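Enquirer: Please work from the sequences and hints to get the whole structure.
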Amino acid sequence: MRLSLAFLACAYFGFSAVPAFAATCGSVSFGGDFAGSYSCSSLGTPTGVTGQLGGVTFLDNNTLLIGGNANTAQGYIASIDVVRGADGHITGFGAPSAFYAAAPQIDGGLTFGPGGVLFATGYPTNTLLQYKPGSTAPDKIISLGGAGGVGGTVGTLQFVPQGFDGAGNLKIASYSTGQFYTATLTADGSGLYTVGAVTLSGQLSGGPEGLVYVDGGNAGFGVDSLLVSEYSAGKVGTYTLDANGNPIAGTRRDFITGLNGAEGAVIDPLTGDFLFSTFGSGNGLFVISGFTAPPAAVPEPATWAMMIAGFGLVGGTLRRRHGTLATA
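Each residue of the sequence shown is one higher than the one before, counting from 9 in this note's numbering.
Mixed in with the good hints there might be a few duds.
[Claimed, not checked] Distance ranges between label pairs, derived from CB positions:
hint, residue 1, residue 2, range
1, S198, G34, 40 to 48 Å
2, G93, G34, 18 to 26 Å
3, N252, A145, 32 to 40 Å
Hints were generated in silico from the structure; no laboratory data involved. Quick caveat: nothing in here was measured; it's all calculated off a predicted structure. Using N, Cα and C, we set each Cβ at its ideal position, and we do this for glycine too.
Expert: The structure is reproduced here in structure tokens:
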């Protein structure tokens, strides 16, 4: 059964202004198809983020959003600047984190969607949280359960990025059942969204908590793929995608093993590095380098998210333009 934290904090933030810098990843190792092509560095716990870590995403190219006090009523989202080296790769954190928004029960899913709306998942409440730009508390919380909804309780979510088959579609994964869904969003007239049909579109293993899409041109992949943070298994797995951006059964391979509590996941918009948080032991952030950098023209995530609607988010599907790198 997943760890739960009953945590009441007097303050959300620390007061040390000393940046944390990358260290080695200990017992982490790469699957056979990827060993030698990728490297891992640990940034440690983001300065001042309390409790167990949740989802992670980029607010802009140099600012991360990350869940704190995950899976509790006191859950919240913190913002923290990153430090980049001369080669552009993230090497540590800048000033201590700052409160960004309350996020009750926040889990592994945290990403921007259409209209710049921020989406997050809630565990074990099986909820979807939505935030308008600038909001410091959820503007809308939707239950994903009930007949025809998400089985068990949600773990994570992700929008299929531009350039991949199924681009713009919202994908949701249940932590407890591993079921992978495609959800239909409909604008509600307030700048937020309702969730319509939730269609079972695949099956994952290992307790999914983070999803990112990876271009097939990266070493060891060969075809467009999905990386999955597998909390229960202590791994990150990868699946080949079908024509709708869904994982194909029987294609799973180990990407990383030897983890403890793999959680939220995101792609660095500048370098293409894969970042993921951990919930539990360490409560840290890991950076996996070796991926091809995105094109220089790719906008920052919060800006890109506002463009998604123009690519047919609700029910639309775009075919991948092969030869063009796409990142989450």
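Enquirer: Each hint should be assessed against the structure and marked as holding or not.
Expert: To see whether the hints hold, each was checked on the structure:
1. S198 / G34: 40 to 48 Å: 46 Å, holds
2. G93 / G34: 18 to 26 Å: 21 Å, holds
3. N252 / A145: 32 to 40 Å: Between N252 and A145, where Cβ atoms are some 34 Å apart, the hint holds.
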